[in-house]
Amino acid sequence: MIKYEKKYRIIPGWGNQEWIIEKAQAAMKAPVLHITDVQSPKSEGGLHDYYSNGDYWWPNPDTPDGLPYIQRDGQSNPENFNSHRIIMRQMRTNVVFLTSGYLLTGKEDFAQKAVQHLYEFFLSGETYMAPHLSYAQAILGICPGRGIGIIDTLHLVDVIFAVEKLKHSRCMGNEIYEGIKKWFSEYLGWMLTDKNGIQEMNKDNNHGVCFFVQAAAFALFTDNEKIANFCRQQYKEELLKQQKEDGSFPRELGRTKPYNYSIFVVDNMVTLCHLLSTPEDNLWEYETDNGRSIKKALDFISPYLLDKSSWPYPPDVMHFDAFPARSGFMLLAGCTLGRKELVELYYRLPEESIDEEARRNIAARQPALWM
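Start counting the sequence shown at 1; every next residue gets the next number (full-length UniProt numbering).
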């Protein structure tokens with residue numbers, strides 16, 4: 001185990017830094033994971049192709065083989081193949097905390113382990129993940145993969161912030177850094193041109209928002225200002241159309257988990273403002289002609305975060321007790337817009353949820369890396 005002095009670097013906004021160091025030390029002992037470690041016999045892809053099943057799809061009780069699957073909105077099927085999702089999220093979590101440990105202590109051992117995770121997941125010829133999601137959120141008996149599966153890589157946004165921090169470590173050689181940038185450039189290109197990506201881009205709910213969160217982050221990381229500008233335009237002209245005058249998102253309120261989804265969409269709209277705002281084009285302050293804005297979205301959801309008992313809509317069919325969970329938007333929006341109550345809520349909530357649904361829905365595992 002890495003030894004560190006109690007007088008490690010104090011970085012404002014990082015919260016419980018003892019806990020972060022403990023997580024980094026645990027990540028030092030964690031195995032390096034790859035999607036090639038496990039395959040689903042139901043995938044139509046190969047060894048390096050990411051695969052998952054749609055969350056809310058179940059065997060058909062009216063057919064002998066259970067095909068085609070049928071939907072139960074909001075009810076996750078525990079028998080679905082989720083191994084690649086879990087591996088990707090765990091890789092992200094390990095990299096994020098190892099990078100955080102490196103920044104807080106200056107210990108290159110943390111950085112070296114983080115770079116090993118990144119190299120083996122994205123670049124190693126034996127264990128790399130191919131830069132596409134053609135087989136994500138497949139529905140058995142219906143399709144081998146879907147556009148909405150692109151939301152599975154939302155957690156990779158966290159990774160690029162870690163990569164940028166690791167760039168200054170002697171463990172992150174230029175060849176690895178440029179190789180990771182190339183991977184994300186190829187993945188972004190696939191997102192923007194494949195039929196699955198185009199389908200997801202045009203979704204008028206949280207899926208469309210999450211598409212542009214990823215596109216914006218990957219474009220900025222790969223110096224693609226043309227796509228970054230396209231994402232700014234889409235935020236203003238398309239994504240804010242999802243919002244009603246009162247700041248709510250009716251497509252999310254209409255789901256069987258309206259509380260969870262309402263928080264989730266605001267989290268990702270905030271992320272877009274954080275990623276894409278510039279001094280010349282400040283999305284935090286942007287407002288449409290009919291009054292839609294990120295501030296209005298926060299005005300709607302904040303009272304229900306601070307006092308969940310006031311929630312006037314139906315409770316979620318599953319995992320209702322898991323929310324609110326600590327989410328990056330509370331810190332990012334709270335600090336940027338001076339909303340002290342959101343910052344206080346962020347630090348008041350547990351560092352990490354024990355609920356799988358909550359962990360799956362939190363894109364920014366360590367938003368202090370983003371600041």
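No wet-lab data here; the hints were simulated from the structure. There could be a bad hint or two in this list.
[What the hints assert, rightly or not] Listed next, with one range per pair, are the computed distances between beta-carbon atoms:
id	residue 1	residue 2	range
1	ASP73	GLU245	36 to 44 Å
2	PRO144	ASP204	37 to 45 Å
3	PRO144	TRP284	19 to 27 Å
4	GLN75	ILE354	39 to 47 Å
5	LYS244	SER309	40 to 48 Å
6	THR63	GLU164	46 to 54 Å
7	PRO144	GLU79	15 to 23 Å
8	GLU22	GLU164	36 to 44 Å
9	ILE354	ASP204	28 to 36 Å
10	GLU79	GLU164	35 to 43 Å
11	GLY106	ILE354	26 to 34 Å
12	GLU285	SER309	27 to 35 Å
13	PRO68	ASP281	44 to 52 Å
14	LYS340	ASN202	34 to 42 Å
Glycine is no exception: its CB is placed at the ideal position from the N, C-alpha and C atoms.
Going through the hints against the structure:
| no. | hint | verdict |
| --- | --- | --- |
| 1 | ASP73 <-> GLU245: 36 to 44 Å | violated (26 Å) |
| 2 | PRO144 <-> ASP204: 37 to 45 Å | violated (24 Å) |
| 3 | PRO144 <-> TRP284: 19 to 27 Å | violated (40 Å) |
| 4 | GLN75 <-> ILE354: 39 to 47 Å | violated (20 Å) |
| 5 | LYS244 <-> SER309: 40 to 48 Å | violated (23 Å) |
| 6 | THR63 <-> GLU164: 46 to 54 Å | holds (50 Å) |
| 7 | PRO144 <-> GLU79: 15 to 23 Å | holds (18 Å) |
| 8 | GLU22 <-> GLU164: 36 to 44 Å | violated (24 Å) |
| 9 | ILE354 <-> ASP204: 28 to 36 Å | holds (33 Å) |
| 10 | GLU79 <-> GLU164: 35 to 43 Å | holds (38 Å) |
| 11 | GLY106 <-> ILE354: 26 to 34 Å | holds (32 Å) |
| 12 | GLU285 <-> SER309: 27 to 35 Å | holds (32 Å) |
| 13 | PRO68 <-> ASP281: 44 to 52 Å | holds (46 Å) |
| 14 | LYS340 <-> ASN202: 34 to 42 Å | holds (37 Å) |
Figure legend: structure checked against the earlier numbered hints; hints not met, in rising order: 1, 2, 3, 4, 5, 8.
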